[in-house]
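S.K.: Each chain is listed here by its residues.
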Amino acid sequence: MTQPIPKTADEGKNQSGHELQSMLDSTVTPRTWIRNLVASIAAIGVALIILTNVNGIQAQGGGLSALNGRFWPMVLAVSLIVIAVGIVVVPLVIKGGRNYEPESVTMVGVGKLVVGTLLVIGFVMTWGTIQFGVSTAVVAAALTFIFGGRNLYSLVVFPAALGLVFHFLFIVALKVPIQ
Amino acid sequence: MSFTAISEGVLAILDPSVLLWIVVGLLIGMLVGAFPGITSTMGVALASGFTLTLEPLQGLAVLITIYVGSTYGDRLPAILLNTPGTPASISSTFDGYPLAKQGKAGLALTSSAIGTAVGLMAGIAVLAIAGVPLAAFALRFGPPELFALVVVGITMMVGSSTGRLWKGLAAGLFGLLLATVGRDPITGDERFTFGINELNGGIPFIPVIIGMFGLAEIMNQIITYRKSQDAQVVAQLGEWWPNKALMKRLRKPTAIGAVTGAGIGLVPAVGGDIAGIVGWENARKASKHPQEFGKGSLEGLTAGDTSSAATLGGSLTTTLALGVPGDSVMAVMIGSMLVWGITPGPSLFSDSPDLVSSIVGIMVIATIITLVLSLMRMRGVAQLLTLPKHYIWVIVMLFCLGGTYSVQNSVFDVGMMLVFGLVGLFMLRFDFPPGPAVLGLILGPLAESNLRRSLVIEGWASIYTSPIAVTLLSIAALALILPPMKHYVQTRRESKINVGEVKELINN
Chain A
1 MTQPIPKTAD EGKNQSGHEL QSMLDSTVTP RTWIRNLVAS IAAIGVALII LTNVNGIQAQ
61 GGGLSALNGR FWPMVLAVSL IVIAVGIVVV PLVIKGGRNY EPESVTMVGV GKLVVGTLLV
121 IGFVMTWGTI QFGVSTAVVA AALTFIFGGR NLYSLVVFPA ALGLVFHFLF IVALKVPIQ
Chain B
1 MSFTAISEGV LAILDPSVLL WIVVGLLIGM LVGAFPGITS TMGVALASGF TLTLEPLQGL
61 AVLITIYVGS TYGDRLPAIL LNTPGTPASI SSTFDGYPLA KQGKAGLALT SSAIGTAVGL
121 MAGIAVLAIA GVPLAAFALR FGPPELFALV VVGITMMVGS STGRLWKGLA AGLFGLLLAT
181 VGRDPITGDE RFTFGINELN GGIPFIPVII GMFGLAEIMN QIITYRKSQD AQVVAQLGEW
241 WPNKALMKRL RKPTAIGAVT GAGIGLVPAV GGDIAGIVGW ENARKASKHP QEFGKGSLEG
301 LTAGDTSSAA TLGGSLTTTL ALGVPGDSVM AVMIGSMLVW GITPGPSLFS DSPDLVSSIV
361 GIMVIATIIT LVLSLMRMRG VAQLLTLPKH YIWVIVMLFC LGGTYSVQNS VFDVGMMLVF
421 GLVGLFMLRF DFPPGPAVLG LILGPLAESN LRRSLVIEGW ASIYTSPIAV TLLSIAALAL
481 ILPPMKHYVQ TRRESKINVG EVKELINN
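Respectively, the protein sequence lines represent chains A and B.
Okay, so the first sequence: first residue is 1 according to my numbering, each after it adds one.
Okay, so the second sequence: first residue is 1 according to my numbering, each after it adds one.
Rather than coming from a laboratory, the hints here were simulated on the basis of the structure.
Glycine is no exception: its CB is placed at the ideal position from the N, C-alpha and C atoms.
Do not rely on the hints blindly, as some may be mistaken.
Sample of chain B residues at the chain A side, in silico, Cβ under 8 angstroms [said to hold, decoys possible]:
1. K167
2. T180
3. D184
4. D189
5. N409
6. S410
With the rest of the complex left out, here is chain B:
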């Protein structure tokens, strides 16, 4: 990437309007992360509606900074309520809540914020270093390789839905089928429009994303809510700043978390939740005090939070360089980018290198500002956790409506959003993961057009004679086969141990 592209990209984000939207996005992101029940995917999905009226760079600034902000904000309920704000903060509950019960919530929040900042920077370094070579490699892809890449993206997301492989595949196929509505990408013939003019352009994916990720979750919360669910927030925060000795002790787990998360982030569809847990486990194995982990260890908390934050850069790398989303947030972001006319993928680095530099710059600025904000505002934001749920439900529902309408000023889109809200609710209740469905909808046209082009050029031989396509399809197959095999072997091992233990007890 040339120096000119880097400098142009950096200058673009120093525009006051972009900086303003960065701050807006960060504040929204921190709130999104702080409220359990609103995931970062939901936050980005809701924002994707009204940000489409902004300039592409301003809109991207909002979406990316919501993601960064929620990475800080979701530690709050994890530590104070023992409830992860988003799945990425699951590992924060292992040691965060025990620390809060010991009167060290302030220390936990501060260490977590600093670890998160280090993790984000590590991820940004991955994007800056690996993005260009990965994109250069992917430029060699033709139709067979692009088809195989889409298959990898969807199967990776299916494979990461532990324990529901078949339902994940069904969701992916459902998404791909939704993408067939509208016009045939090769011949232009009408398909499955049922005489509805608005469907000629296909099913609009922003309303689907907002419905399935935003509205569905709120609907589920409304129908399952019980007053006894209202959790008690830990009120005593204690001291805030770790002393020098503690900071020194936290260096090693922070480094372990950064390396773990940065590596895991490069694997498509594996998100912060898995990285956080793996980072926590790696730090426990390397620690001189492993017995403290799970009972209130600042090392454990810091390692997990650093690791889950570091995946952001990797996710962004695979999204921008390959066009394959690194997680569900990136799947939503790809949808917005396509509406703006930005096509993520290898050509992005050659066609718009300044945009890539701008995105890196946005993440750096967002990381620094959010760190400062979170250290200053934590006490205030902690009070928000006591807000009754009905405020959040009303805000989210109305934002879903307004945000969806603002995309194309279409009431039809609002109707689609409501319909897919119900579809998403059904999927939630019956354990279908929504990620593969949305990914199938977004990447479906790419998969179909490249597969059919490949078949027209050389038939199936164009795919099985391409080493890259064969490798990618093998990775896709492994992504589907390995998780259930691992789970099966583990379950058999545990059941043998359990039966053995019980028999021993009976005999004694």
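Just chain A, with the same shape it has in the complex:
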């Protein structure tokens, strides 16, 4: 809604004061509201998964009695739906709420994470087939390269040392059957 152009200095002062007052009285920014909406939908989604699967639990005792294994999950799921609605509605109604803006993501960072995660999954699949210290060193070198390491120390010395440490810690000291 646009404000009319003030015709006198006094009118201008009053308008600035009203605008400031309205700014200070504001609730959440549109971006925060969208985040809250997504958060709320996720919470409701979790609750609905519970409510749609609760009939799979054997019902003992009549109705919603305390002996019934459905009682507690249903109470929690319904409460979660109520809270999820509150996440969106309350900041719109009560002023001075928190406007949370996380640090923005970079497409490069997302790409690194996706590739890194795939590498890590591949690493786990090698357990039991390749010597653990060796596979750790190789995946450490690959991950370091993806995350930005480029010199000899990053791609050779550090991964080799990590492979040795992991071998000593998990295979020798803790005797974890990982290879």
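We have chain A already, so just place chain B on it with the hints.
M.R.: For chain B alone, coordinates are given in the frame of chain A:
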């Protein structure tokens, strides 16, 4: 607690293997604290995986000493980089970094280390004095009181997530729902396993903890990293040791910090971050030089660091005596204790008093050794702050994998850890606090079984006719209502002042 229990507990930790793991834990803890982006919760969560293969006392020694070590280590980046190593060192940045810019970084680091040691000892005194009476009181708790206690624990943690009460509640409920997966604690019926055999025992909480606290944070750092974020470390450390006059001047703020932190530590879910800030503020009000605070005051730095360190003992007290974690690190530790067959709570003091003595002894030894190590090694550790982030990401990611697998030798657990890493990343990006979720997962079975037992015994009357349960539930309600009310009143007051000031400027 009998003398026999105390002596048995102390003798147990003098075993060379326990002492060795104490030193290992301290070194890990100092590194964890020193690197910004790795919190003490993350460090303890990562260690909880591989320490489960150790004896309970050895494993506890590692976890507790990581916590103690990180309390010293997190001051380093706060003072040299103006970046808190963990939330508990937020108050260290107020005066620590200005001191470093004045060429007094060495003095700041030394005073901080000494204040931290005093704070830790004050907290240990709280544990030694208050633990037994608190546990004795809690022994009177029946099912209604235990249910109310869990509600208090979760709501306290929700209430301390300032400004995100509703999301905190949602996170707590999510955690409680996760805890329903597996078997009904009363009837043993299968619930929400979706045909997956590994879920018959419930969702394993160590992988969830490692995923949500460890992996999620690293994932977030990777996707938001920009080269311009690399901070410059203050290189000139200056002199190290405070002279006699300065030591005398630091006595009062140290005492104020110790008393503040020890008291705040007893309140569940209120951690070192809040205690540090309150301790700093209390010292400023009592100081003869309040104008120096925030601009490079050794008094301010010492008071804040002493206060945040003193909360450790209080957190441990409520965790061991009541079974309600004092902060998120304790929530992780409870998870590990349960896997070891140690049930924190009032019966711990009567069933295993020697274990409690051992824990006190571990904290005393850890405090003294870390003080000596930190005074000797500060210069060396300071260089580590210049390490590129990709080394930390790789180390943490691989430790998450190895640590998770070593719990039950299960690839399924590793998969769960990856899944909950993504869940934790979503929670981080959308401002859900992870603490209440993890607490709900760990304490969920306790809450459900005690509530249902109470209802079976006497219906809802068993709860509202119990004075202890009613008191605890009232505290829980206040923990949820008071923070937003206080924030609302403060915001209205500030907005009135701001509008008034601007109008005055416009008029002038």
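S.K.: Each hint needs a verdict: does it hold in this structure or not?
M.R.: Quick rundown of the hints versus the structure:
1. K167: 6 angstroms, holds
2. T180: 5 angstroms, holds
3. D184: D184 (chain B) check passes; min Cβ-Cβ to chain A is 4 angstroms, inside 8 angstroms.
4. D189: 5 angstroms, holds
5. N409: 6 angstroms, holds
6. S410: With Cβ-Cβ at 11 angstroms, over 8 angstroms, it is violated.
The structure fails hint 6 only (numbered hints given earlier).
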